[in-house]
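Q: Sequence:
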Amino acid sequence: MNAFFEKTIGVGHFLFDRRPANIPSATPKSRATNVWRRDGRVLVARVRAEGGVKEGVGKAISLLGSLPQAIRRGDRVMVKPNFNSADPFPASTDLDFLRAVIEMLLDAGATVTVGEGAGGMWRPTDNVFRKVGLHELAKQLGITLTVFEDKASDWLRIKIDGDYLKTVTMPRSAYEADKLVYVPCMKTHFLAAYSGALKLAFGFVHPGERRSFHFGDLQHKLAEVNLCWQPQLTIMDARKAFVSGGPDKGRLAYPGLILASGDLVAIDVEAIKVLIEHGAKANLPADPLKLPQIATARKHGLGVDAYTVVE
1 MNAFFEKTIG VGHFLFDRRP ANIPSATPKS RATNVWRRDG RVLVARVRAE GGVKEGVGKA
61 ISLLGSLPQA IRRGDRVMVK PNFNSADPFP ASTDLDFLRA VIEMLLDAGA TVTVGEGAGG
121 MWRPTDNVFR KVGLHELAKQ LGITLTVFED KASDWLRIKI DGDYLKTVTM PRSAYEADKL
181 VYVPCMKTHF LAAYSGALKL AFGFVHPGER RSFHFGDLQH KLAEVNLCWQ PQLTIMDARK
241 AFVSGGPDKG RLAYPGLILA SGDLVAIDVE AIKVLIEHGA KANLPADPLK LPQIATARKH
301 GLGVDAYTVV E
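FYI, the numbering for the sequence shown is 1 to 311, going by the numbering used here.
One thing to keep in mind: the hints can contain errors.
[To be verified] Derived DSSO-like pairs: lysine-lysine, alpha-carbon spacing no greater than 30 Å straight-line:
1) Lys273 <-> Lys54
2) Lys290 <-> Lys249
3) Lys54 <-> Lys166
4) Lys29 <-> Lys166
5) Lys281 <-> Lys299
6) Lys29 <-> Lys179
7) Lys59 <-> Lys273
8) Lys240 <-> Lys179
9) Lys159 <-> Lys139
10) Lys179 <-> Lys139
11) Lys29 <-> Lys290
12) Lys249 <-> Lys159
13) Lys299 <-> Lys179
14) Lys131 <-> Lys151
15) Lys290 <-> Lys166
16) Lys249 <-> Lys54
17) Lys159 <-> Lys179
18) Lys151 <-> Lys139
19) Lys273 <-> Lys290
20) Lys166 <-> Lys139
21) Lys139 <-> Lys59
22) Lys131 <-> Lys281
23) Lys166 <-> Lys131
24) Lys240 <-> Lys273
25) Lys54 <-> Lys240
26) Lys131 <-> Lys159
27) Lys131 <-> Lys299
28) Lys159 <-> Lys299
29) Lys281 <-> Lys179
30) Lys54 <-> Lys159
31) Lys281 <-> Lys240
32) Lys54 <-> Lys179
33) Lys179 <-> Lys166
34) Lys139 <-> Lys240
35) Lys59 <-> Lys166
Think of the hints as simulated: they come from the structure by calculation, not from any bench.
Whenever a hint applies, use it, and build me the whole structure from the sequences.
A: Listed below in C-alpha cells is the structure:
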C-alpha cells in the first residue's frame with residue numbers, strides 16, 4: 001500500500017475511532033501475586049545479553065526462580081508486546097526476543113495468544129503485524145494473534161478507583177486470560193518521558209478512548225490503567241534503547257541488558273536508572289521515583305521501589 005494512503009488511514013483511525021456503545025461493566029481483576037522474591041524483597045533480574053536471545057531470556061527467568069512458579073501447564077497466557085508501530089527495535093518489540101519468550105511459555109505448557117492494539121497513526125494493528133512478520137511467527141509457533149480493535153464485542157468497561165480515571169475501556173480477551181506476560185521495550189518518550197512496563201498497558205485501552213489521555217495528566221493516567229490488571233511477569237528487552245525522542249524514533253544507546261521481574265514499578269525504576277546511565281539525564285529525573293507515572297503507581301500499590309537486583 002502507498003505510504004501516503006497508509007498514513008491517511010492511520011490519521012482517520014486516530015481522529016474518528018469511537019468506542020462501542022453499551023459496553024458491559026466489570027471490576028478489576030484480582031491483583032497479580034508476585035511470586036519472585038528473596039527474603040521478602042522483590043527481585044529484578046538484570047542479565048548481560050552476551051549470548052543468544054533465548055539464553056538471555058532463560059537466564060533472566062532462572063535468576064528470579066522458575067517459570068512454573070507463575071505459569072502452569074494449561075494456563076491461557078496473553079503476551080503483550082510493544083507494537084505501537086512497525087518501526088524497528090527498540091521502537092517495537094524485536095521478533096527474535098518475542099519468539100524466545102513465547103517458546104519458554106509453550107515449553108511450560110501454556111496456551112499463548114499475542115494481543116496488541118497499535119497507536120492511532122499506525123492502525124490498523126493487523127497492518128503492523130504484517131509488516132513486522134508476526135503472522136509468520138504465529139504460524140511457526142502455533143499460537144493465535146488478537147487485534148483488540150477488530151471486535152466490537154471484545155470490550156469491557158473496567159471500574160477503577162483512580163485519582164485521574166474512574167473507568168477504562170479494555171479488551172475482554174485480556175481480562176479473561178489466566179495470566180499476562182508483558183514484553184516491553186525500554187525507551188524515552190517525547191510525551192510520557194519514559195515508556196516501559198507501566199506504559200505498555202496503554203496498548204490495551206480502546207483506541208477511541210486513548211485520545212483523551214493526552215489532554216492532561218498523561219503519566220498519571222498511564223499508571224492508573226494498570227489498576228485494571230497486572231502481569232505475572234515482565235521481560236524487558238534492554239539490549240538497545242532510545243535515550244531521547246521516542247516512542248518510534250530517537251537517539252540510540254546500547255545497554256546490552258535483559259531485565260525481568262514480577263513487579264511493574266521495580267522493573268521500571270531499574271530501567272530508568274539504566275537509561276540515565278546511558279545518556280538520558282536530560283529527559284528523565286535523576287530520581288526515578290519523581291517521575292509521575294512511577295509516583296502514581298506506587299501510591300496505588302502497583303509495585304515497590306525497594307527491590308533486590310539479581311545478576
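Q: Each of the hints needs a verdict: does it hold here or not?
A: Comparing the hints with the structure gives:
1. Lys273 <-> Lys54: With a Cα-Cα distance of about 24 Å, the restraint between Lys273 and Lys54 holds, given a limit of 30 Å.
2. Lys290 <-> Lys249: Roughly 25 Å separates the two Cα atoms, so the pair holds.
3. Lys54 <-> Lys166: 40 Å, violated
4. Lys29 <-> Lys166: 15 Å, holds
5. Lys281 <-> Lys299: 24 Å, holds
6. Lys29 <-> Lys179: 11 Å, holds
7. Lys59 <-> Lys273: 21 Å, holds
8. Lys240 <-> Lys179: 27 Å, holds
9. Lys159 <-> Lys139: Distance ~36 Å between Lys159 and Lys139 Cα, so the pair is violated.
10. Lys179 <-> Lys139: 22 Å, holds
11. Lys29 <-> Lys290: 28 Å, holds
12. Lys249 <-> Lys159: 34 Å, violated
13. Lys299 <-> Lys179: Judged against 30 Å, a Cα distance of about 24 Å means the pair holds.
14. Lys131 <-> Lys151: Status holds; Cα separation ~21 Å.
15. Lys290 <-> Lys166: Holds - the C-alpha atoms of Lys166 and Lys290 are around 24 Å apart, at most 30 Å.
16. Lys249 <-> Lys54: At roughly 26 Å apart (the allowed maximum being 30 Å), Lys54 and Lys249 satisfy the hint.
17. Lys159 <-> Lys179: Status holds; Cα separation ~20 Å.
18. Lys151 <-> Lys139: Answer holds: Lys151 to Lys139 is near 21 Å, not above 30 Å.
19. Lys273 <-> Lys290: Within the cut-off at roughly 12 Å; holds.
20. Lys166 <-> Lys139: Roughly 39 Å separates the two Cα atoms, so the pair is violated.
21. Lys139 <-> Lys59: 26 Å, holds
22. Lys131 <-> Lys281: Not satisfied, since the Cα-Cα distance of roughly 33 Å exceeds 30 Å.
23. Lys166 <-> Lys131: 36 Å, violated
24. Lys240 <-> Lys273: With Cα atoms ~14 Å apart, Lys240 and Lys273 stay inside 30 Å; holds.
25. Lys54 <-> Lys240: Holds, at about 16 Å.
26. Lys131 <-> Lys159: Measuring from Cα to Cα gives roughly 35 Å; hence the hint is violated.
27. Lys131 <-> Lys299: Judged against 30 Å, a Cα distance of about 39 Å means the pair is violated.
28. Lys159 <-> Lys299: Satisfied, since the Cα-Cα distance of roughly 18 Å is no more than 30 Å.
29. Lys281 <-> Lys179: Violated. Lys281 to Lys179 sits at ~35 Å, over the 30 Å cutoff.
30. Lys54 <-> Lys159: Distance of about 38 Å is beyond 30 Å: violated.
31. Lys281 <-> Lys240: Holds - the C-alpha atoms of Lys240 and Lys281 are around 17 Å apart, at most 30 Å.
32. Lys54 <-> Lys179: 21 Å, holds
33. Lys179 <-> Lys166: 24 Å, holds
34. Lys139 <-> Lys240: OK: Lys139 and Lys240 at ~27 Å, within 30 Å.
35. Lys59 <-> Lys166: 39 Å, violated
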